[in-house]
Amino acid sequence: MPITTYSEERVAELLRALPPAPAAWVAAAAELPRTRAELDQIVELASADADFRRALIENLETALRSAGFTADRRRVVELRRRLAL
Amino acid sequence: MGAESTDGELVASCRAGDERAWTLLVERYSSYVYAIAVQGFRLQEPDAEDVFQDAFARAFERLGSLRDDEAFRPWLAQMTRRLCVDSCRRRRDGYEEDGDEQGDTSRELERLDEALTVREALGRLSSDCREILDRFFSRDESYRTIGEALQLPAGTIASRISRCLGRLREELEGRKAVVLES
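So the protein sequences, as listed, match chains A and B.
So in the numbering used here, spot 53 of the first sequence is number 56, and the numbers just go up one at a time.
So in the numbering used here, spot 22 of the second sequence is number 270, and the numbers just go up one at a time.
Extracted from the complex, chain B is given alone in its bound form (with noise of 0.2 Å):
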């Protein structure tokens, strides 16, 4: 059981209750939830702290009755955005989302969806590439703190983040990547 478990396997870890499973699907999760909840949502941090801890608590609740196990994430994603609107009701008494607000925030559930899947596909490449890509543009971190914690110059940073880029597009688009480890 690891990082590379698909979520089918990680569900049923988690019924037979293995909590590194739960740990696992939390880890693989967060950032979607919390990204559903911030930016599909705009949700106030005291709000989505709110929806985003009782979103993952029905869903360790709820395991039992998830039919499919392979659709924890759909599943996941559904009653993170019941919470959502529940909690915009909260704050805005009577509040129904209007049309364009709609579509605004079914756009960003779709823009967040795809991130997810490309974060899946960059799960699929080297640690390497993981590493640096993650750092880069997930935590935002400089060529030189990177180059300092991967023990790297950072004058090969640029190129590295380009390679690992490229490859990751080749994942995503299904292409056989040639791994040419540097």
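Here chain A stands alone, though its shape is the one from the complex (with noise of 0.2 Å):
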């Protein structure tokens, strides 16, 4: 197996060429799991409660935020695709 020499000069350039992502994306990345089960909270209520259906369909956002749930941009476009708004 060939063995691949770096030199200072290359080692110091790959390190440069991976910036570290905004720390926003990546800390709302790292909380998938727990949107996730937000968005199925939802959703189940949605079927659960018709009134709670109901104000979504009238205005999602703001449903969404009188229940006391973040209503972020992805956050919404999933809700709307999930709940085929």
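By construction, these hints were calculated from the structure, which means they are not laboratory data.
Don't be surprised by glycine CBs; every beta carbon is placed ideally from N, CA and C.
The reader is advised that the hints may include incorrect statements.
Said to hold, decoys possible - Here are some chain A residues the structure puts well away from chain B; computed CB gaps all over 12 Å:
#, residue
1, 10
2, 39
3, 47
4, 48
5, 50
6, 52
7, 53
8, 54
9, 55
10, 63
11, 64
12, 68
13, 69
14, 86
15, 88
What the hints assert, rightly or not - Short, incomplete list of chain A residues facing chain B, as computed with Cβ under 7 Å:
#, residue
16, 11
17, 26
18, 71
Join the two chains into one complex using the hints; note that each chain is given alone, in its own frame.
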């Protein structure tokens, strides 16, 4: 198996090649398990509670906030897809 | 379960519902996925963010379909590349990479892959070396900032960086590094 040799300049250049991703993006991706669980909970609530479902259909963002959920763009898009709105 | 865990161990823990394992996977690959989108495919920030979030969301949803847990890295890279191509197509109707463009992208992706290998080797160094190299090369911090953060005389930073780079080269080239902590 050939051994790759690295000059210090090459190592330095490769270290610079991967700058950190924006912290907010990383945090959002890390929160995916919790976000998914919350979305599941909202969909379940919408199935069980006709008033909540109606409110979601009327104004998704407002209904989410009123119920104490976060209503960021990605959550809203995913919920629209799941609830077929 | 920690930063030293293999991808396979983290993937298995994620499947078992361990949120910490997922966070570690995201932290391990966030700069790689980001670089594929921004440097490999030159996506602008809003599109790059969508690709970044979608790549991790798909990975999370489809962990169950990953055949080899240790193959998480190429699997995630492939999903990210596909999402980038889709994003380019949406931006530029009928987008098809021409030969030169495809060649440039492939070379850049190879470089990023190699960069990730270097980063993994960095993870095997002492925490002192990891921190100083990360601050200087990845975060582009000055000697002064590093000195203040690590409470080191600014005059010793350059020699420490050089020493740690040497250790990193040894790690990369598979040699046994002589670890002489200073």
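Now the hints, each set against the structure:
Annotated as non-interface, residue 10 of chain A brings its C-beta within 12 Å of a C-beta of chain B; the closest such distance is 8 Å. For residue 39 of chain A, the shortest C-beta to C-beta distance to chain B comes to about 7 Å, within the 12 Å cut-off, and the non-interface label is violated. Chain B leaves residue 47 of chain A outside its interface by the beta-carbon criterion, the shortest separation being 18 Å against a cut-off of 12 Å. Distance check for residue 48 of chain A against chain B: the nearest CB is about 21 Å away, which clears 12 Å, and the non-interface claim stands.
Every CB of chain B lies more than 12 Å from the CB of residue 50 of chain A, the least distance being 20 Å, so the non-interface label holds. The non-interface label for residue 52 of chain A is consistent with chain B: the shortest C-beta to C-beta separation is roughly 26 Å, beyond 12 Å. No beta-carbon of chain B comes within 12 Å of the beta-carbon of residue 53 of chain A; the shortest separation is about 29 Å. The beta carbon of residue 54 of chain A sits about 30 Å from the closest Cβ of chain B, which is more than 12 Å, so the claim that it is off the interface holds.
At roughly 25 Å from the closest C-beta of chain B, the C-beta of residue 55 of chain A stays outside 12 Å, upholding its exclusion from the interface. Consistency note on residue 63 of chain A: stated as away from chain B, and its beta-carbon is indeed over 12 Å from all of that chain's, at 19 Å minimum. Even its closest Cβ contact with chain B, about 19 Å, leaves residue 64 of chain A beyond 12 Å, as expected for a residue assigned away from the interface. Distance to chain B confirms residue 68 of chain A as a non-interface residue, since its nearest Cβ pair spans about 21 Å, more than 12 Å.
Here residue 69 of chain A stays apart from chain B, with its beta-carbon at least about 25 Å from theirs, past the 12 Å limit. Even its closest Cβ contact with chain B, about 17 Å, leaves residue 86 of chain A beyond 12 Å, as expected for a residue assigned away from the interface. For residue 88 of chain A, the shortest C-beta to C-beta distance to chain B comes to about 19 Å, beyond the 12 Å cut-off, and the non-interface label holds. Hint on residue 11 of chain A holds. Least Cβ distance to chain B is approximately 5 Å, under the 7 Å limit.
For the restraint placing residue 26 of chain A at the interface with chain B, the shortest Cβ-Cβ distance is roughly 9 Å, beyond the 7 Å limit, so the hint is violated. Using the Cβ-Cβ criterion of 7 Å, the hint placing residue 71 of chain A at the interface with chain B is not satisfied: the shortest such distance is roughly 21 Å.
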